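Colleague: Spelled out from the first residue to the last, the chains are:
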Amino acid sequence: MKNYLYPMKCRIKAFGITREILNGNELVIELPQGATVADLKRELFGRYPRLTRLSSLFVAVNTEYAPEDQRLTEDCEIALIPPVSGG
Amino acid sequence: MIKITEKPIDIQKVIDATSSLGAGAINVFVGTVRNTAHGKNVVWLEYEAYEGMAVAEIRKIMDEAHSRWPLLGAAVCHRVGTLKPGEASIAIAVSAPHRKESFEACEFILNQIKTKVPIWKKEIFEDGEEWISAHPTTSGSYN
Chain A
844 MKNYLYPMKC
854 RIKAFGITRE
864 ILNGNELVIE
874 LPQGATVADL
884 KRELFGRYPR
894 LTRLSSLFVA
904 VNTEYAPEDQ
914 RLTEDCEIAL
924 IPPVSGG
Chain B
643 MIKITEKPID
653 IQKVIDATSS
663 LGAGAINVFV
673 GTVRNTAHGK
683 NVVWLEYEAY
693 EGMAVAEIRK
703 IMDEAHSRWP
713 LLGAAVCHRV
723 GTLKPGEASI
733 AIAVSAPHRK
743 ESFEACEFIL
753 NQIKTKVPIW
763 KKEIFEDGEE
773 WISAHPTTSG
783 SYN
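Going down the list, the sequences are from chains A and B. In this text, residue positions in the first sequence follow this note's numbering: the first is 844, and each later residue adds one. In this text, residue positions in the second sequence follow this note's numbering: the first is 643, and each later residue adds one.
These aren't lab readings, by the way, just hints derived from the structure by calculation. Only a predicted model underlies this, so the values are computations on that prediction, with no experimental measurement involved. Be aware that a few hints might be false.
[Claimed, not checked] The calculated EDC-like cross-link candidates involving lysine to aspartate or glutamate, where the alpha carbons are at most 20 Å apart (straight line), are:
| id | chain 1 | residue 1 | chain 2 | residue 2 |
| --- | --- | --- | --- | --- |
| 1 | B | Lys645 | A | Glu911 |
| 2 | A | Lys856 | B | Asp652 |
| 3 | A | Lys852 | A | Asp882 |
| 4 | A | Lys852 | A | Glu869 |
| 5 | B | Lys758 | A | Asp918 |
| 6 | B | Lys742 | B | Glu688 |
| 7 | A | Lys856 | A | Glu917 |
| 8 | B | Lys764 | A | Glu863 |
| 9 | A | Lys856 | A | Glu920 |
| 10 | B | Lys702 | A | Glu907 |
| 11 | B | Lys758 | A | Glu920 |
| 12 | B | Lys645 | B | Glu768 |
| 13 | B | Lys756 | A | Glu907 |
| 14 | B | Lys758 | A | Glu911 |
| 15 | B | Lys742 | B | Glu693 |
| 16 | B | Lys702 | B | Glu768 |
| 17 | A | Lys856 | A | Glu869 |
| 18 | A | Lys856 | B | Glu706 |
| 19 | B | Lys726 | B | Asp658 |
[What the hints assert, rightly or not] Some, not all, of what chain B presents toward chain A, calculated at C-beta under 7 Å:
| id | residue |
| --- | --- |
| 20 | Gly673 |
| 21 | Arg676 |
| 22 | Thr678 |
| 23 | Ile761 |
| 24 | Trp773 |
[Said to hold, decoys possible] Stretches of chain B that chain A covers, calculated by requiring three or more beta carbons in the stretch to come under 8 Å of a beta carbon on chain A:
| id | stretch |
| --- | --- |
| 25 | 647-653 |
| 26 | 685-694 |
| 27 | 705-719 |
For glycine and all other residues, C-beta sits at the position ideal for the given N, C-alpha and C.
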């Protein structure tokens with residue numbers, strides 16, 4: 844029960860242009876327990892409005908593209924995936 | 643073979659990783675850094691990867707290629723770090739009994755990598771820099 848009273852601390856990895864927008868390759872952010880990928884994006888868009896101007900922004904959880912309704916936990920590996928341009 | 647490396651790509655090693663006595667064709671694609679983009683001179687490119695996920699995504703793409711074509715082998719090596727014009731950024735090799743499937747699968751793997759794999763490049767011009775495809779106003783056709 845106790846866990847529900849406290850926010851989660853999630854570590855977010857940032858790459859490419861998101862690393863520059865966040866001014867670092869990792870960010871620790873507090874989110875309510877049970878927060879989803881969509882909640883994380885909303886929080887980040889509020890803090891870093893430049894993220895909203897990207898062509899796309901996906902979130903990876905444990906190195907897999909995650910749907911917007913996926914719930915996050917403190918121990919998962921979370922990364923921001925701006926538009927890719929490999930090759 | 644799937645490799646993300648900061649060192650120059652050894653193309654022969656990528657080819658050798660796919661060799662098979664049953665192969666009638668090994669199709670090899672080498673992507674290189676072009677010296678111009680948007681009408682400006684490119685001084686160098688910076689490539690960056692989320693390596694663990696990039697390898698996992700390339701693995702999925704190769705599995706999909708194997709399920710679509712009767713391939714004997716496939717290998718991908720992608721360079722990261724600072725690359726100058728003329729240097730190879732990616733090498734893909736695909737071996738198959740016949741050339742048609744090796745051509746098709748090689749192009750499929752490349753196209754999927756450009757769409758899905760978490761690797762990013764920034765073009766450094768004489769008067770500025772730009773993350774490719776990051777914004778709607780920049781052209782994705784230069785990928």
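Colleague: Now look at each hint and say whether the structure bears it out.
Modeller: Going through the hints against the structure:
no., hint, verdict
1, B:Lys645 / A:Glu911, "violated, 30 Å"
2, A:Lys856 / B:Asp652, "violated, 30 Å"
3, A:Lys852 / A:Asp882, "holds, 14 Å"
4, A:Lys852 / A:Glu869, "holds, 13 Å"
5, B:Lys758 / A:Asp918, "violated, 25 Å"
6, B:Lys742 / B:Glu688, "violated, 34 Å"
7, A:Lys856 / A:Glu917, "holds, 13 Å"
8, B:Lys764 / A:Glu863, "holds, 12 Å"
9, A:Lys856 / A:Glu920, "holds, 8 Å"
10, B:Lys702 / A:Glu907, "holds, 11 Å"
11, B:Lys758 / A:Glu920, "holds, 18 Å"
12, B:Lys645 / B:Glu768, "violated, 31 Å"
13, B:Lys756 / A:Glu907, "holds, 16 Å"
14, B:Lys758 / A:Glu911, "holds, 17 Å"
15, B:Lys742 / B:Glu693, "violated, 31 Å"
16, B:Lys702 / B:Glu768, "violated, 38 Å"
17, A:Lys856 / A:Glu869, "holds, 5 Å"
18, A:Lys856 / B:Glu706, "violated, 28 Å"
19, B:Lys726 / B:Asp658, "violated, 26 Å"
20, Gly673, "holds, 5 Å"
21, Arg676, "violated, 12 Å"
22, Thr678, "violated, 17 Å"
23, Ile761, "holds, 3 Å"
24, Trp773, "holds, 4 Å"
25, 647-653, "violated (count 0)"
26, 685-694, "holds (count 5)"
27, 705-719, "violated (count 0)"
Hint violations for this structure: numbers 1, 2, 5, 6, 12, 15, 16, 18, 19, 21, 22, 25 and 27, all remaining hints satisfied.
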